[in-house]
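Asker: Sequence:
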Amino acid sequence: MLLQSELLDFFNETRAQSELICSFLEIEDYVVQPIVDVSPPKWHLGHTTWFFEEFVLKPYKSGYQLFDDHSAYVFNSYYESVGEKVIRTDRGNLSRPTVAWVYKYRNYVSKALKDFIESEDLSSKILEVIEIGCHHEKQHQELLYTDIKYILGNNPLFPKYNDQFKENPIQDIPQEWISVTKGNYEIGHNSNDFCYDNELGRHTVYLTDYQISNKLVTNKEYIEFIDAGCYEDVLLWHAEGWDWVNTNQISAPSYWHNIDGEWHQFTLQGLQKLIPDAPLSHISYYEAFAFAQWKGLRLPTEQEWEVANSKFNWGSRWEWTESAYSPYPGYTKVPGALGEYNGKFMVNQKVLRGCSVATANKHTRPTYRNFFHAPLRWQFTGIRLAK
Numbered sequence: 008m009l010l011q012s013e014l015l016d017f018f019n020e021t022r023a024q025s026e027l028i029c030s031f032l033e034i035e036d037y038v039v040q041p042i043v044d045v046s047p048p049k050w051h052l053g054h055t056t057w058f059f060e061e062f063v064l065k066p067y068k069s070g071y072q073l074f075d076d077h078s079a080y081v082f083n084s085y086y087e088s089v090g091e092k093v094i095r096t097d098r099g100n101l102s103r104p105t106v107a108w109v110y111k112y113r114n115y116v117s118k119a120l121k122d123f124i125e126s127e128d129l130s131s132k133i134l135e136v137i138e139i140g141c142h143h144e145k146q147h148q149e150l151l152y153t154d155i156k157y158i159l160g161n162n163p164l165f166p167k168y169n170d171q172f173k174e175n176p177i178q179d180i181p182q183e184w185i186s187v188t189k190g191n192y193e194i195g196h197n198s199n200d201f202c203y204d205n206e207l208g209r210h211t212v213y214l215t216d217y218q219i220s221n222k223l224v225t226n227k228e229y230i231e232f233i234d235a236g237c238y239e240d241v242l243l244w245h246a247e248g249w250d251w252v253n254t255n256q257i258s259a260p261s262y263w264h265n266i267d268g269e270w271h272q273f274t275l276q277g278l279q280k281l282i283p284d285a286p287l288s289h290i291s292y293y294e295a296f297a298f299a300q301w302k303g304l305r306l307p308t309e310q311e312w313e314v315a316n317s318k319f320n321w322g323s324r325w326e327w328t329e330s331a332y333s334p335y336p337g338y339t340k341v342p343g344a345l346g347e348y349n350g351k352f353m354v355n356q357k358v359l360r361g362c363s364v365a366t367a368n369k370h371t372r373p374t375y376r377n378f379f380h381a382p383l384r385w386q387f388t389g390i391r392l393a394k
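Quick note: the sequence shown uses the numbering used here, first residue 8, plus one each step.
It is worth saying that the hints were derived from the structure and are not from the lab. Keep in mind that a hint or two might mislead.
Claimed, not checked - Here are the simulated BS3-like pairs of lysine-lysine, each with C-alpha atoms no more than 25 Å apart in a straight line:
#1 222 to 173
#2 302 to 227
#3 369 to 318
#4 318 to 189
#5 132 to 351
#6 65 to 340
#7 394 to 222
As the list claims (entries may be wrong) - Here are the in silico distance ranges between beta carbons for each label pair:
#8 19 to 75: 21 to 27 Å
#9 258 to 183: 29 to 35 Å
#10 269 to 334: 42 to 48 Å
#11 128 to 284: 49 to 55 Å
These numbers were taken from a predicted model, which means no experiment stands behind them. Virtual Cβ for every residue (Gly too), placed ideally from N, Cα, C.
Model the full assembly from the supplied sequences, consistent with the hints where possible.
Answerer: Below, the structure written as structure tokens:
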């Protein structure tokens, strides 16, 4: 856990970064919600502010006065035990409160929390909740990038976000297979640094001999999958994945556009020609599984990924694993509303490991367990193969 003085710097840095991300938006961009999984940028700014107000200032700062009585109703996400909320599908209907109001709300709460940290000797319990709040906001910074990309990428004009965000780093190394011998291995978080409760507790797993690729699957490799007619080959797909492909008429990764016979990709720098050697991104678990089947290979389990992660470079894509999102041995939820943060989602989801080009600074570690439903692909998701 961070010291109180360190936490103040961490809080200031985190709050500033969210606003920097949004500084490239036009005012109209702040309120768009194309699909249920994408929230308006304005809502992210308000929700991360509400978190600090609800879980730190209200219960612990003596005499704190709410900025507005309706903030909790508007900006609560899924904390059922906290109270009523605007349903997720209606976040894009909130033309009010305005963007200007949200920034005033952020400034009010940020000032109150900074004064709280600077003026009082806080208990370890309070410091822990503030640190969770900072990492919670860092998660939403990644969501800001991916939601902004979805908003702009589904605008028929394909507007550019900015020229600075680089999302397609090249893996300039030859493809190799990393061998791991069978045996007992320890996985799970094992330091005093921050982690989420789903990374605890550390435990032993037995793994058989396996090999894992040192590189992510590239766009070029996936084009071969498309050209081989794999989106029309029922034998490569889970039944649920096959239904998803046909119901949604899926024939390529998200953001890919075939223009005059040449593949293009919408990026945060606008619509560009697809880079063949860049790592594949924005695919579902269904597609990752089907690709692995076509190659005669498989996806690694999250245990295999964690044991081998120090032997390959990771960090540009969240990597689908073959593991269901479930609790580690001895897992217990945090008491109270914060216990809703991870545990209640441990059903019908797949684990992803690593991080992505959109993941916030100081928010990555080898034990991080991300999780999404199998059809979702608006995040920077990719494939690392195993055998």
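Asker: For each hint, tell me whether it holds in the structure or not.
Answerer: Hints and how they fare:
no.: 1; hint: 222 to 173; verdict: 19 Å, holds
no.: 2; hint: 302 to 227; verdict: 14 Å, holds
no.: 3; hint: 369 to 318; verdict: 21 Å, holds
no.: 4; hint: 318 to 189; verdict: 16 Å, holds
no.: 5; hint: 132 to 351; verdict: 22 Å, holds
no.: 6; hint: 65 to 340; verdict: 22 Å, holds
no.: 7; hint: 394 to 222; verdict: 14 Å, holds
no.: 8; hint: 19 to 75: 21 to 27 Å; verdict: 23 Å, holds
no.: 9; hint: 258 to 183: 29 to 35 Å; verdict: 31 Å, holds
no.: 10; hint: 269 to 334: 42 to 48 Å; verdict: 46 Å, holds
no.: 11; hint: 128 to 284: 49 to 55 Å; verdict: 54 Å, holds
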